[in-house]
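Enquirer: Listed below are the residues making up each chain.
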Amino acid sequence: MELKDYAGALLETLRQRTPLVQCIVNTVVQQFAANVLLAAGASPAMIDHEADAADFAEIADGLLINFGTPTSHQYLSADGAIDTFAQSGKPWVLDPVGFGISAHRTSRIMRALNSGPAIVRGNASEIIGLAQQSGSARGTDSTHSVDDALAAAASLAQAGIVAAVSGESDAIVFADDSATHTVTITGGSPYMPSVIGTGCSLGALTAAYAATAAHTRQTQDLSPRVRTGMAAAAAHLHFTSAAQAAHTQASGPGTFAAHFLDGLHAVGPDDLARIETAWTTGGTA
Amino acid sequence: MELKDYAGALLETLRQRTPLVQCIVNTVVQQFAANVLLAAGASPAMIDHEADAADFAEIADGLLINFGTPTSHQYLSADGAIDTFAQSGKPWVLDPVGFGISAHRTSRIMRALNSGPAIVRGNASEIIGLAQQSGSARGTDSTHSVDDALAAAASLAQAGIVAAVSGESDAIVFADDSATHTVTITGGSPYMPSVIGTGCSLGALTAAYAATAAHTRQTQDLSPRVRTGMAAAAAHLHFTSAAQAAHTQASGPGTFAAHFLDGLHAVGPDDLARIETAWTTGGTA
Amino acid sequence: MELKDYAGALLETLRQRTPLVQCIVNTVVQQFAANVLLAAGASPAMIDHEADAADFAEIADGLLINFGTPTSHQYLSADGAIDTFAQSGKPWVLDPVGFGISAHRTSRIMRALNSGPAIVRGNASEIIGLAQQSGSARGTDSTHSVDDALAAAASLAQAGIVAAVSGESDAIVFADDSATHTVTITGGSPYMPSVIGTGCSLGALTAAYAATAAHTRQTQDLSPRVRTGMAAAAAHLHFTSAAQAAHTQASGPGTFAAHFLDGLHAVGPDDLARIETAWTTGGTA
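Chains as they are written, first to last, in our numbering: chain E, 267 to 551; chain B, 267 to 551; chain Z, 267 to 551.
Only true hints are included.
Far from chain B by the CB rule (all over 10 Å, computed), these chain E residues:
hint	residue
1	Arg283
2	Thr350
3	Ala352
4	Gly355
5	Ala369
6	Met376
7	Asn380
8	Gln398
9	Ala445
10	Pro459
11	Gln484
12	Val492
13	Gln510
14	His513
15	Pro535
Derived coverage of chain E by chain Z (criterion: at least 3 residues anywhere in the stretch with Cβ under 8 Å from a Cβ of chain Z; other residues may be distant):
hint	segment
16	336-346
17	520-534
FYI, nobody ran anything at the bench for these hints, they're computed from the structure.
Everything numeric in this text was worked out from a predicted model, so none of it was measured.
Don't be surprised by glycine CBs; every beta carbon is placed ideally from N, CA and C.
One chain only, chain E, in its complex shape (with noise of 0.2 Å):
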């Protein structure tokens, strides 16, 4: 089977079994990331008090972690939720948004690290700050490109974590035992960087696809790095797919937002299929 082949099962299993996700994710994005849950075909909930995050990770198929704008509810949430899925061993994926804006923000997200995520999922700043445990970030915005950061992610992959690095091509970087794997997908549009929440909203969907993958025929034999890998790459095809697809309709970046959700509902296996991406294999380091 080829990646396209897996993606387009992801998708289908995502529909059917509607994977609850739990996002314990910034303010800002929240109601965007919740609609494209919804329209992709997941289910969202945002539960972040830490009242009752952990007990509601034990329902929650899928866990996104993101402290944009985080409160002390949410860094609390998390280390419980974390907990949660850490015991259970369902795979759950880090959002490093802001690394390096400051010490505090960027400790609490080497925490998080340092619980075993599945996947990292972010711009290529965010990345090489993670794998290099330092950064200098400005805002949300990237000062590096994708190929910046794929040295980063192939050691962040050799360390047992899917890398995901979101730019105008993403890269998809995971390691077996015996190879370190890149698929690059490229597409989408260029109103996706004036769209708030796109990045943090592609993490809570990475998470959606990943708690898909045990459950897919197609993938459940797959070693679980490569399986989480071919996750990771089918939400980017779903997302980019959707992306193309709102393109041709939108007039800016406000009336791109609506598309793009309506194009997430409406996407289908062929339409990943149609997506262009690449697969280079290379040693581990």
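Position chains B and Z relative to chain E; hints supplied.
Expert: The following block gives chains B and Z in isolation, referenced to the frame of chain E:
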């Protein structure tokens, strides 16, 4: 007078009075709920800090309590705002979203229920859980049909609370001294469950109508429970009519959400009268 | 040079520099305000936790303070971010939303006012209340006209603060050593009051322009107060032009909001020059 006459009169009064509706509501849907209230003709205020929520409740006309993603500020604010409404006798709405997801959440919702809401609005699973004081929810999705919830709604009605159950058809259940009435409203759009906050913002609009009913000539002489039932039904008719109009314009959930707000703004009394309804009356249990 | 030449130059510089604007702003409008900044050409960052808001303010170019639905995190963050801006001399914007709704809210807004904002932007009732250090607001709606607020705005201007009053026409009032200037901007769309966050996000855009003025060749030699007045006026022209363009595309407040973001993205210097303005100059009081 019939339901549709009451509903039309309430809509006209709402637009004249622009009731100020305080919403203590989850951050995921604050923007959408505020836009729903503005588009429909009411005035939103999401005042939810314990330092002034109770004070603000003195000037608010309506109140919605919804603990979807509560902060500690919201739990404390709700206590204060509910006290203010209880002292003045103004009607307020409880949305039991999240009932059953954790012992903590359930206990906070029961505490609000026991403080005397005029209306409870939720999906079938939430209404059943609330009436039985037990629940096992899966996020915000209902696992029951509206018909499943009619007995639970009737038991709330007989305890003096108007129960509004949302689903493919909506049911508004309320009791007077001699009978229990069930108003069923059919219509809407299959896109509604794919837009976050439609249920929550229906609760907000219900609070706006409840605040209007005592000031509407045609409803002010009805008994409080029947008057409140008419207000809840009018809010659901307004919502359903806007959804039907939007459905014909939409190409997916993103464009639906924009056209739905347009529809709420454009709907008039004649539109409410065109929605399919049924009214059945039974004895009290 | 005339106002419109300054405004056009500021717009071009804003798009080149993409100023990073820290917004401590109510959660209801965080998404919309972020989308407004992105569409217009700036970069938003809603950093509002006391652990790093003051640190982040060191790299932010602009700052908006708006206590619409404050958390305790936001009150504490504002103190820190304002201190950082005060030390560096960078201009920041205060939006006195909610002034007068409670003694607590009013005292926090007065504390911010006394910390030296370059610009205050609000509706007529808020500006009057602020200038008189008293108020009796009804949520976020103004119960006064812009003309009613001109004397209050002039008193703020003579105290060294640029006052921007929003309404059907907007007035920007600022003083230099010899005179008080009032720029009136007419236009926009009647849908604007039916979309939540238009006022708040105008504050955010004003902060972006204020951050741009010292770096724009055409305005950098103006006195700081006149330069800041030009920046505030340019932000309001940009907003008004986008609203007018959106109005022709919209069929209600929902589609208006989408087209408004498109308009902010598309507006150029020539569009700003087409908006109706008046500039009157009087003596200082």
